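These are the residues of each chain, in order.
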Amino acid sequence: MPVTWLVFIVLALALAGFVAGRVRIDSAAGAGRPHSLPNYYGWNIAIKVMVPAFLVLICWLIVQPFVVNGAVTARLGDNAVPDGSTIGLVMSDVRRVAEGLDAAVSQGLMGADQASDLRTEFTNVRDRLAEAGVALGSNVTPQVLGAAQTWRALNANGMLLMSVAVTALALAGLVWGYVQTTPDFRARNTVENALRIMLLAAASLAILTTIGIVFSLIGNTIKFFSLYPASEFFGSFTWSPSFGGGSELGIWPLLWGTLYISVIALTVAVPIGLFAAVYLSEYAGPRMRAWAKPMLEVLAGIPTIVYGLFALLTVGPLLLSVFGRDGLGWMQAGTAVMTAGLVMGIMLIPFVSSLSDDIINAVPQSLRDGSYGLGATKSETIKQVILPAALPGIVGAILLAASRAIGETMIVVLGAGAAARLSLNPFDAMTTVTAKIVSQLTGDADFASPEALVAFALGMTLFVMTLGLNVFALYIVRKYREQYE
Amino acid sequence: MTDATFSGDAPKASGLLEADARTRRRNASERRFRMYGLAAIGAGMFFLVVLLTAIVSNGIGAFQQTFIEVPVYLDPAKLDKNGGRDPAQLAKVSTFGYTPLIQTGLYQQVRDAGIETGYEDARDMKALISASAAAQVRDFAIANPDRIGDTVTFRILASSRVDGYLKGRVSRDSIAQDKNIDAGHLELVDALREDGALRKRFNWDFILGADASESRAEQAGLGVSMLGSLFMMLVVLFLALPIGVATSIYLEEFAPTNWMTDFIEVNISNLAAVPSIVFGILGLAVFIQFIHLPQSAPIVGGLTLTLMTLPTIVISTRAALKAVPPSIRDAALGVGASKMQSVFHHVLPLAMPGILTGTIIGLAQALGETAPLLLIGMVGYIATNYPDGVISGFLSPNSAMPAQIYEWAKRADPAYYERAWGGIIVLLVFLLIMNVIAVILRRKFERRW
Chain A
1 MPVTWLVFIV LALALAGFVA GRVRIDSAAG AGRPHSLPNY YGWNIAIKVM
51 VPAFLVLICW LIVQPFVVNG AVTARLGDNA VPDGSTIGLV MSDVRRVAEG
101 LDAAVSQGLM GADQASDLRT EFTNVRDRLA EAGVALGSNV TPQVLGAAQT
151 WRALNANGML LMSVAVTALA LAGLVWGYVQ TTPDFRARNT VENALRIMLL
201 AAASLAILTT IGIVFSLIGN TIKFFSLYPA SEFFGSFTWS PSFGGGSELG
251 IWPLLWGTLY ISVIALTVAV PIGLFAAVYL SEYAGPRMRA WAKPMLEVLA
301 GIPTIVYGLF ALLTVGPLLL SVFGRDGLGW MQAGTAVMTA GLVMGIMLIP
351 FVSSLSDDII NAVPQSLRDG SYGLGATKSE TIKQVILPAA LPGIVGAILL
401 AASRAIGETM IVVLGAGAAA RLSLNPFDAM TTVTAKIVSQ LTGDADFASP
451 EALVAFALGM TLFVMTLGLN VFALYIVRKY REQYE
Chain B
1 MTDATFSGDA PKASGLLEAD ARTRRRNASE RRFRMYGLAA IGAGMFFLVV
51 LLTAIVSNGI GAFQQTFIEV PVYLDPAKLD KNGGRDPAQL AKVSTFGYTP
101 LIQTGLYQQV RDAGIETGYE DARDMKALIS ASAAAQVRDF AIANPDRIGD
151 TVTFRILASS RVDGYLKGRV SRDSIAQDKN IDAGHLELVD ALREDGALRK
201 RFNWDFILGA DASESRAEQA GLGVSMLGSL FMMLVVLFLA LPIGVATSIY
251 LEEFAPTNWM TDFIEVNISN LAAVPSIVFG ILGLAVFIQF IHLPQSAPIV
301 GGLTLTLMTL PTIVISTRAA LKAVPPSIRD AALGVGASKM QSVFHHVLPL
351 AMPGILTGTI IGLAQALGET APLLLIGMVG YIATNYPDGV ISGFLSPNSA
401 MPAQIYEWAK RADPAYYERA WGGIIVLLVF LLIMNVIAVI LRRKFERRW
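These protein sequence lines are chains A and B, in that order. Take the first sequence: its position 433, counting from 1, is numbered 433 in UniProt numbering, and each next residue is one higher. Take the second sequence: its position 20, counting from 1, is numbered 20 in UniProt numbering, and each next residue is one higher.
Bear in mind the hints are in silico, worked out from the structure with no lab data behind them. The structure presented is a predicted model; accordingly, all values stated were derived computationally and were not measured. Fair warning: there could be bad hints in the mix.
[Unchecked claim] List time: in silico EDC-like cross-link candidates among lysine to aspartate or glutamate, alpha-carbon distance up to 20 Å:
1. B:Lys410 / B:Glu214
2. A:Lys479 / B:Glu214
3. B:Lys78 / B:Glu30
4. B:Lys322 / A:Asp358
5. A:Lys378 / B:Glu265
6. B:Lys167 / B:Asp139
7. B:Lys179 / B:Asp124
8. A:Lys383 / B:Glu30
9. B:Lys81 / B:Asp139
10. A:Lys378 / B:Glu30
11. B:Lys339 / A:Glu192
12. A:Lys479 / B:Asp124
[To be verified] Heads up, incomplete: computed chain B residues facing chain A, CB under 8 Å, no partners named:
13. Gly37
14. Leu186
15. Leu307
16. Val429
17. Phe430
[To be verified] Sample of chain A residues with no beta-carbon within 10 Å of chain B, all distances over it, derived:
18. Pro2
19. Arg33
20. Met50
21. Gln149
22. Phe234
23. Gly235
24. Leu255
25. Trp256
26. Thr409
27. Val438
Cβ coordinates follow ideal geometry from the N, Cα and C atoms, glycine included.
Looking at chain A on its own, in the form it has when it is part of the complex (with noise of 0.2 Å):
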């Protein structure tokens, strides 16, 4: 793995530089006292070595990819396309011919040369790539072969470049510093302000994350819409995927799976999680506080895969036993909107009741004992002066709480069916946006057609919904909190 050395050898000259500096400003002390400390001149040469190194190396193996890809492809010409088939499909062939070259090579089945030197017309290039464990679709055709050869060739030119590249680099670097150091260079100044950079870049993450996400999310969809009119997306009623064609993606039935499933869960989790609150704040002495309020908040810390299960092993046999066939008859699974919605609610107990716990202590005290002068009683005080005062902050919570409800996978995705239907009765099997962009895109590595590509479409819908009451729930928050500080 030529990667790995390369990786070893720019930390081992970076250590080399860092003694090196050290050795160096110690060795010149009789020339007058440094500017800064033995270990800064060490560090500047070390960071001389290596943050040039990585990044280049780094940006080398994402580019080169594309660079090879470009010109195989340019290479290949149109003339390479059978009917029927597009330039992507035979670049897959060749990526997956050179990588059963590269296979044959490590196992020692082929020589290195051999590999490059390889030709249809006198070898059965499938047979020989099945021993080494690289199963081919159809026969190699010479074009493509040659084309993996090309590939395999550009790939190790590249590969040797970069390792080059990089060493000099790193070389570059270690001299570069070395004749810096002297007692006169301000090698503290340098080292500081480089790590000041470095800091301002991992903060930056964050945003490059975000640009990931509406990317990765607004490149796809705009694919998606291309094969699909945004039209039926938004103004179908039905959601009927076949991957053959002719699937009817309407999003209708998926919001309203998933807002009836958040409704419920709401209404579990809103009334029990605000008396908790009210409760834990205002009755509640400290012991109780203390253990009552962790034990809540185990129900948050308990990972939805566990909620899940319970909501498909559990739940809903247990309603399948009393709304089912056996029951009252309103049944018919016991995966439907309801298990999945009350098992939500349990998980959004703690997340609502820990929310609110904090907007009603900050309520402040004046007002509680303007309320008791005036002789109200506690309950009288919590309806009539605190939850008013509160208000804002606790619609703000529970805002947060239904954003998680409308993001929440795993429990839907076993605890809400498969069916994509629009009804009223809480019994019956829906889907959400969730469970529909994991069935869409699980085991499915082509992203071609539109029903694939539909789970980006659903994914941006969810995102720009979640972001939205985000947004507007902290700005809720926010703008409470300012009015008691």
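Since chain A is already given, all that's left is putting chain B on it; use the hints.
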């Protein structure tokens, strides 16, 4: 008019000892309100207890498995026709060659114990024995060629139906339609159990073993996916901790108040609220589609979870940095330290317990996260092989603990449900340990100023 005289029903002056109707009503409403609060907390506790009871009562059985002790005659005529005991020759006999030996062994044992059965053929014993037994015996024979010709007692897995019968999941009614086993076999199981050859034992292979195919529930284990989770957590720890701490230091200590800083802050607080499945889409589009990292690999999972955990770590690290009083910074600056030195030599060490606590909690959250893993292909992969090195541990396909649990929950055989619950117990034990460490760290090292 100086003397105001009341007419009509003015409120009657009430005594201190006797409450009037209105006061009683108000007090009753007060008590009612208080009861609602208590009931809400009670409901929360009740759900917690029900959840934990369901987990423990359904999952505890997965840690025990039914084993049968069978004396197997390693017949040289079948296993080593040439008599050379050459391991290469022995390896040519596939597991199909061993299955009859085990069945005969069990049949012989049943007859020696004097158990009455209606079965005339050794092949009828197939229903009791796990399909994995043949591989176990074969591995033994290849590793110990000199034992061929002896009768060796093996402890082999019973089939998942038999295991289910011992655990109460399978009954005589439920197997009426079952092709794999019939009531006579259950009689035999009862008899073997009295004989002592068949019993439940603690099953380390559930915790440490590999996943198995859909038809061999008795053999499936969590070990390989646990390693997958471990490698993912290593990626998260080594990326999210430094990047998160660097981000927080920048924002707390160095950031000027300008639009750039505001933009970063808004981004972080929004990322904390983005649904985890969206991070899965990001991982799929960027790491797999764009950079072409291998699908299902722990490094992709780790990178995706890193991005998801970063906001959590940043938020708790910033709180920890904020808790260090400014006097520490001022004192450091006062004796001539640079801003950078005051942060890295004084503020950061003091904030370290808080940072570590936040990191552990972030890791625990990442460990239990499933949704993003579904999209980057860590589900549906049957983790039957341990990775053969550190690099392949990061790069070769694997599962992860929550993904493995999800995979089991989807399989049709109810024997896998028990394993899914058992997997949850293991997962929760890990989360509990991490949280306890976090609490201890906080109690032990946190300083209040």
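Quiz item: Does the claim that arginine 33 (chain A) lies off the interface hold, with its Cβ farther than 10 Å from every Cβ of chain B?
Solution: 15 Å, holds
Quiz prompt | Closest CB of chain B to the CB of threonine 409 (chain A) still more than 10 Å away | solution = 4 Å, violated
Exercise. For the pair we were handed, lysine 167 (chain B) and aspartate 139 (chain B), check the Cα-Cα distance against 20 Å.
Key: Violated. Lysine 167 (chain B) to aspartate 139 (chain B) sits at ~29 Å, over the 20 Å cutoff.
Exercise. Check the non-interface label on proline 2 (chain A): least C-beta distance to chain B beyond 10 Å or not.
Key: 13 Å, holds
Quiz item: Should the interface hint for phenylalanine 430 (chain B) be scored as holding, given a Cβ-Cβ cut-off of 8 Å against chain A?
Solution: For phenylalanine 430 (chain B), the interface hint is violated, since the closest Cβ of chain A sits about 10 Å away, which is over 8 Å.
Quiz item: If you draw a straight line from the CA of lysine 378 (chain A) to the CA of glutamate 265 (chain B), is it 20 Å or shorter?
Solution: Judged against 20 Å, a Cα distance of about 40 Å means the pair is violated.
Practice problem: Take a quick look at whether lysine 479 (chain A) and aspartate 124 (chain B) sit within 20 Å of each other, Cα to Cα. | Solution: Roughly 75 Å between the alpha carbons, so the hint for lysine 479 (chain A) and aspartate 124 (chain B) is violated.
Exercise. Would you check whether the claim that methionine 50 (chain A) is not at the interface survives, using Cβ distances to chain B and the 10 Å cut-off?
Key: 14 Å, holds
Exercise. Given the hint that lysine 179 (chain B) pairs with aspartate 124 (chain B), test it: the Cα-Cα distance must not exceed 20 Å.
Key: 12 Å, holds
Practice problem: Compare the distance between the alpha carbons of lysine 339 (chain B) and glutamate 192 (chain A) with 20 Å, and conclude whether the hinted pair is satisfied. | Solution: 9 Å, holds
Quiz item: Is the nearest CB of chain B more than 10 Å from the CB of phenylalanine 234 (chain A)?
Solution: 20 Å, holds
Exercise. Compare the distance between the alpha carbons of lysine 410 (chain B) and glutamate 214 (chain B) with 20 Å, and conclude whether the hinted pair is satisfied.
Key: 10 Å, holds
The structure fails hints 2, 3, 5, 6, 12, 14, 16, 17, 26, 27 (numbered hints given earlier, in ascending order).
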